[in-house]
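Participant: The primary structure of each chain is shown beneath.
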Amino acid sequence: EAGVAQSPRYKIIEKRQSVAFWCNPISGHATLYWYQQILGQGPKLLIQFQNNGVVDDSQLPKDRFSAERLKGVDSTLKIQPAKLEDSAVYLCASSPLWPGANVLTFGAGSRLTVL
Amino acid sequence: AQRVTQPEKLLSVFKGAPVELKCNYSYSGSPELFWYVQYSRQRLQLLLRHISRESIKGFTADLNKGETSFHLKKPFAQEEDSAMYYCALRGVQGAQKLVFGQGTRLTINP
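Line by line, the protein sequences are chains A and B.
No gaps in the numbering here: position 36 of the first sequence is 993 in our numbering, and each next residue is one more.
No gaps in the numbering here: position 23 of the second sequence is 126 in our numbering, and each next residue is one more.
Derived by calculation from the structure, the hints in this document are not laboratory data.
Every residue gets a Cβ at the ideal spot worked out from N, C-alpha and C, and that includes glycine.
Heads up, a few of these hints could be off.
Said to hold, decoys possible - List of simulated lysine to any residue pairs, SDA-like, C-alpha gap at most 20 angstroms:
{"id": "1", "chain 1": "A", "residue 1": "Lys1001", "chain 2": "B", "residue 2": "Ala104"}
{"id": "2", "chain 1": "B", "residue 1": "Lys112", "chain 2": "A", "residue 2": "Val1046"}
{"id": "3", "chain 1": "A", "residue 1": "Lys1001", "chain 2": "B", "residue 2": "Leu149"}
{"id": "4", "chain 1": "B", "residue 1": "Lys200", "chain 2": "A", "residue 2": "Gly999"}
{"id": "5", "chain 1": "B", "residue 1": "Lys112", "chain 2": "A", "residue 2": "Gln998"}
{"id": "6", "chain 1": "B", "residue 1": "Lys200", "chain 2": "A", "residue 2": "Gln998"}
{"id": "7", "chain 1": "B", "residue 1": "Lys200", "chain 2": "A", "residue 2": "Gln994"}
{"id": "8", "chain 1": "B", "residue 1": "Lys112", "chain 2": "A", "residue 2": "Ala1045"}
{"id": "9", "chain 1": "A", "residue 1": "Lys1001", "chain 2": "B", "residue 2": "Gln141"}
{"id": "10", "chain 1": "B", "residue 1": "Lys200", "chain 2": "A", "residue 2": "Leu1017"}
{"id": "11", "chain 1": "B", "residue 1": "Lys200", "chain 2": "A", "residue 2": "Thr988"}
{"id": "12", "chain 1": "B", "residue 1": "Lys118", "chain 2": "B", "residue 2": "Thr207"}
{"id": "13", "chain 1": "A", "residue 1": "Lys1001", "chain 2": "B", "residue 2": "Lys160"}
{"id": "14", "chain 1": "B", "residue 1": "Lys200", "chain 2": "A", "residue 2": "Ile970"}
{"id": "15", "chain 1": "A", "residue 1": "Lys1001", "chain 2": "B", "residue 2": "Leu150"}
{"id": "16", "chain 1": "B", "residue 1": "Lys125", "chain 2": "B", "residue 2": "Phe162"}
{"id": "17", "chain 1": "B", "residue 1": "Lys200", "chain 2": "A", "residue 2": "Val1011"}
{"id": "18", "chain 1": "B", "residue 1": "Lys200", "chain 2": "A", "residue 2": "Trp1055"}
{"id": "19", "chain 1": "B", "residue 1": "Lys125", "chain 2": "A", "residue 2": "Gln998"}
{"id": "20", "chain 1": "A", "residue 1": "Lys968", "chain 2": "B", "residue 2": "Arg144"}
{"id": "21", "chain 1": "B", "residue 1": "Lys160", "chain 2": "B", "residue 2": "Met187"}
{"id": "22", "chain 1": "B", "residue 1": "Lys200", "chain 2": "A", "residue 2": "Lys968"}
{"id": "23", "chain 1": "A", "residue 1": "Lys1001", "chain 2": "B", "residue 2": "Thr207"}
{"id": "24", "chain 1": "B", "residue 1": "Lys200", "chain 2": "A", "residue 2": "Pro1018"}
{"id": "25", "chain 1": "A", "residue 1": "Lys1019", "chain 2": "A", "residue 2": "Ile995"}
{"id": "26", "chain 1": "B", "residue 1": "Lys200", "chain 2": "A", "residue 2": "Leu1054"}
As the list claims (entries may be wrong) - Covered, in the sense of this in silico footprint (three residues per stretch, anywhere, with C-beta under 8 angstroms from a C-beta of chain B), are these stretches of chain A:
{"id": "27", "stretch": "1000-1007"}
{"id": "28", "stretch": "1058-1072"}
Build out the structure end to end from the sequences listed, making use of the hints.
Facilitator: The structure is reproduced here in structure tokens:
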């Protein structure tokens, strides 16, 4: 089966600019996750969707970050305006509802550098 | 609140030696515990989960509820085990989000 697709793989922007990341999950996976991984740290969940509804966005900085999954398939994560501390790898993952609901498949990640 | 602690950021052992990567957790209830691994230039992927109670690539992990630990062990390390290892916890109530530890970089020396 095709894996989780993410683009772009790399992005360099200046602070206060905006950026968007795209994710296409594994076909049929109802749950989609966006994680932020800062260098030297473990992945931190930003937002979790089930189909096109938000399950958890408690750690999403909503003043600058937004995410949507309009048709319950692919998703976009946006940062506007970016800050230096947003430099990180943004990981998208997906999982089915059943079976294997608790096993996440990760994409390759989108590496953001904010100058 | 869910919390996962991996006390060692770096761990280096010689090939053929035993390996133990430590993981402690904090959760009020019975969580699900996982080990994920990221090999060089590869994606983060599941290594094993406590529910399966299986050995993957020679690794095992036992959930110790009394000590709130889920340490990863392998009796004889191989060079291809060099990677970044993350312990993760998923609550069984509410949003059931997966929370990761900081990770341990394991290096196997020849």
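Participant: Could you run down the list of hints and mark each one as holding or not?
Facilitator: Status of each hint after checking the structure:
For a cut-off of 20 angstroms, the pair hint linking Lys1001/A to Ala104/B stands: about 14 angstroms separates their Cα positions. This hinted pair checks out: Lys112/B and Val1046/A have alpha carbons roughly 19 angstroms apart, not beyond 20 angstroms. Using a Cα cut-off of 20 angstroms, the hinted pair Lys1001/A and Leu149/B holds, with the two alpha carbons roughly 16 angstroms apart. This hinted pair checks out: Lys200/B and Gly999/A have alpha carbons roughly 14 angstroms apart, not beyond 20 angstroms.
In summary, the hint linking Lys112/B to Gln998/A is supported, as the alpha carbons are separated by about 10 angstroms, within the 20 angstroms threshold. Annotation: proposed proximity of Lys200/B to Gln998/A holds, straight-line Cα distance about 18 angstroms (limit 20 angstroms). A hinted pair counts as satisfied when its Cα atoms are at most 20 angstroms apart, and Lys200/B with Gln994/A qualifies at roughly 16 angstroms. The hinted pair formed by Lys112/B and Ala1045/A meets the criterion: a straight-line CA distance of about 18 angstroms does not exceed 20 angstroms.
Only pairs whose Cα atoms come within 20 angstroms are accepted, and Lys1001/A paired with Gln141/B is accepted, the gap being roughly 16 angstroms. Taken as a hint, the Lys200/B and Leu1017/A pair is honoured in the structure, with Cα atoms around 13 angstroms apart against an allowance of 20 angstroms. Restraint check for Lys200/B and Thr988/A: the C-alpha separation of about 11 angstroms stays at or below 20 angstroms, so the hint holds. Between Lys118/B and Thr207/B the alpha-carbon distance is near 17 angstroms, which keeps this suggested pair within the 20 angstroms criterion.
Straight-line distance between C-alpha atoms of Lys1001/A and Lys160/B comes to about 27 angstroms, which puts the hinted pair past the 20 angstroms bound. The suggested pairing of Lys200/B with Ile970/A is violated, with an alpha-carbon distance near 30 angstroms, which exceeds 20 angstroms. Between Lys1001/A and Leu150/B the CA atoms are separated by roughly 19 angstroms; this keeps the pair inside 20 angstroms, and the hint holds. For the given pair, Lys125/B sits about 13 angstroms from Phe162/B by alpha-carbon distance, which is consistent with the 20 angstroms threshold.
For the given pair, Lys200/B sits about 12 angstroms from Val1011/A by alpha-carbon distance, which is consistent with the 20 angstroms threshold. As the CA atoms of Lys200/B and Trp1055/A are separated by approximately 16 angstroms, the hinted pair is consistent with the 20 angstroms bound. Straight-line distance between C-alpha atoms of Lys125/B and Gln998/A comes to about 16 angstroms, which keeps the hinted pair within the 20 angstroms bound. Of the pairs offered as hints, the one joining Lys968/A and Arg144/B holds, with about 18 angstroms between alpha carbons and a cut-off of 20 angstroms not exceeded.
Between the alpha carbons of Lys160/B and Met187/B the distance comes to roughly 15 angstroms, so the proposed pair stays at or under 20 angstroms and holds. A hinted pair counts as satisfied when its Cα atoms are at most 20 angstroms apart, and Lys200/B with Lys968/A does not qualify at roughly 27 angstroms. Taking the CA atoms of Lys1001/A and Thr207/B, the gap is about 16 angstroms. The hint holds against a cut of 20 angstroms. For the suggested pair Lys200/B and Pro1018/A, the alpha carbons sit about 17 angstroms apart, so the restraint of at most 20 angstroms is met.
Between Lys1019/A and Ile995/A the alpha-carbon distance is near 18 angstroms, which keeps this suggested pair within the 20 angstroms criterion. For a cut-off of 20 angstroms, the pair hint linking Lys200/B to Leu1054/A stands: about 13 angstroms separates their Cα positions. Closer than 8 angstroms: that is the beta-carbon criterion, and the stretch 1000-1007 of chain A has 4 residues meeting it against chain B, so the requirement of 3 holds. Under a criterion of three residues with beta carbons nearer than 8 angstroms to beta carbons of chain B, the stated coverage of the stretch 1058-1072 of chain A is upheld, 8 such residues being counted.
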